[in-house]
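S.K.: Listed here are the chains, written in short residue letters.
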Amino acid sequence: MQPKPLALKILDIAAVIVLGISAYLALVFAPTELVMGDVQRVFYFHIGTAWTALLGFILAAVFSVIYLIIKDLKWDRLQVAAIEVSLVFFLITIVLGSIWARPAWNTWWTWDPRLTTAAITELIYIAYFMLRQGIDDPDRRARFGAVYALMGGISAPITFFAIRLFRTIHPVVISGSNPEAEGSFSMTADMRVAFFFALFAFTLIFIDLFWNRIRLGSLQDKVEQLKLKVSM
Amino acid sequence: MFFQEPTPDTSGYMIAGYAIAFIVMGLYVFSLYLRSRNLRQDVTVLEEMENSAAKVEARSQRQPKKSPARSAGRKSAKTVTKRLQKK
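Chains as they are written, first to last, in the numbering used here: chain A, 1 to 232; chain G, 1001 to 1087.
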């Protein structure tokens, strides 16, 4: 295994720093929303993680297409890394949304189009790892995984546009408004600073975790190859 | 202004949300570290096994062992030639 590159070490440190700054901006710098109170502050991390997770799922679909064309296992490693990190981020999104919904909607969960599509997306990608676990042959596993991730990738834009296409109570904060939404608010200038910094911070954290996960994937491949060599 | 409802205290939810977000991220980073450490250990063990197997193979190539079947065959061949010489 090659030692950790300097750029990745720097990125690790930068990710921790921006996460700290983003938490400071969300918890201290941004003003308290008058109607919902402090719980509105989860919005910054909720959107930050959702943005990177959906981006990761779409990236994974792109890697799947490239794998199916080129048939190079490197693209399979990238796809797995993108999906794994996105799955973790999307879990945070759903949990934060549920925590916000309790005081805002008076319920932890409702089968609203946005919440339903988000839950389906999360389940699709949990099933992706279950599918991969069941296939031993690396080429077959990569091929099945690529087709599945490509189909699963459709769920990401559906989840994003769910609040714009269907009747829903989920607020639309960016580019548009939903008159039927409950718990919507307009951002002040300071809120915008915290919001855009959270987007930047989670993008950086995603890149860092993604890179680390790719390295782990190559290590896994090396172990598999060595096991084959030793057993022969 | 007098009829405006006071801002509700929802800080408990906020704290729970941020705590869960940090715990989930921390657990994921820890799992990455653990998996990477275990795989590195696997690599060192497997490389040692591979090296030792290569050494054994190299030794066996330098000193070819007499297989029992082959030596038995040679003995029988010698006895046959001796018998033929006697005749």
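In case anyone wonders, no lab produced these hints; they're calculated from the structure.
No experiment lies behind these values; they were computed from the predicted model shown.
Be careful, since some hints might not be right.
[Stated by the list, open to error] Taking lysine-lysine and the DSSO-like style, the derived pairs with C-alpha atoms no more than 27 Å apart in a straight line are:
id	chain 1	residue 1	chain 2	residue 2
1	A	K229	A	K9
2	A	K4	G	K1055
3	A	K71	A	K222
4	A	K71	G	K1055
5	A	K222	A	K4
6	A	K222	G	K1055
7	A	K74	A	K222
8	A	K9	A	K222
9	A	K71	A	K227
[Stated by the list, open to error] With beta-carbon atoms standing in for the labels, derived distance ranges:
id	chain 1	residue 1	chain 2	residue 2	range
10	A	V28	G	E1047	29 to 39 Å
11	A	D190	G	E1047	53 to 63 Å
12	A	E224	G	G1026	57 to 67 Å
Cβ coordinates follow ideal geometry from the N, Cα and C atoms, glycine included.
S.K.: All hints are to be evaluated individually against the structure, with a verdict given for each.
M.R.: Each hint, compared with the structure:
1. Distance hint between K229/A and K9/A is unfulfilled; the C-alpha atoms sit about 32 Å from each other, more than 27 Å.
2. With a CA separation close to 31 Å, the supplied pair K4/A and K1055/G exceeds the 27 Å bound.
3. Proposed proximity of K71/A and K222/A is supported: the alpha carbons are some 18 Å apart, at most 27 Å.
4. At roughly 36 Å between alpha-carbon atoms, K71/A and K1055/G are farther apart than 27 Å, so this suggested pair is violated.
5. Between the alpha carbons of K222/A and K4/A the distance comes to roughly 16 Å, so the proposed pair stays at or under 27 Å and holds.
6. Annotation: proposed proximity of K222/A to K1055/G holds, straight-line Cα distance about 21 Å (limit 27 Å).
7. Restraint check: the Cα-Cα separation between K74/A and K222/A comes to about 12 Å, which is no more than 27 Å; the hinted pair holds.
8. Using a Cα cut-off of 27 Å, the hinted pair K9/A and K222/A holds, with the two alpha carbons roughly 22 Å apart.
9. For the given pair, K71/A sits about 23 Å from K227/A by alpha-carbon distance, which is consistent with the 27 Å threshold.
10. Hint check: V28/A to E1047/G, Cβ distance near 50 Å, so the stated range 29 to 39 Å is violated.
11. Against the hinted window of 53 to 63 Å, the Cβ-Cβ separation of D190/A and E1047/G comes to about 55 Å, which satisfies the hint.
12. For E224/A and G1026/G, the Cβ-Cβ distance of about 29 Å falls outside the hinted range of 57 to 67 Å, so the restraint is violated.
Comparing the model with each earlier hint shows violations of hints 1, 2, 4, 10, 12; every other hint is respected.
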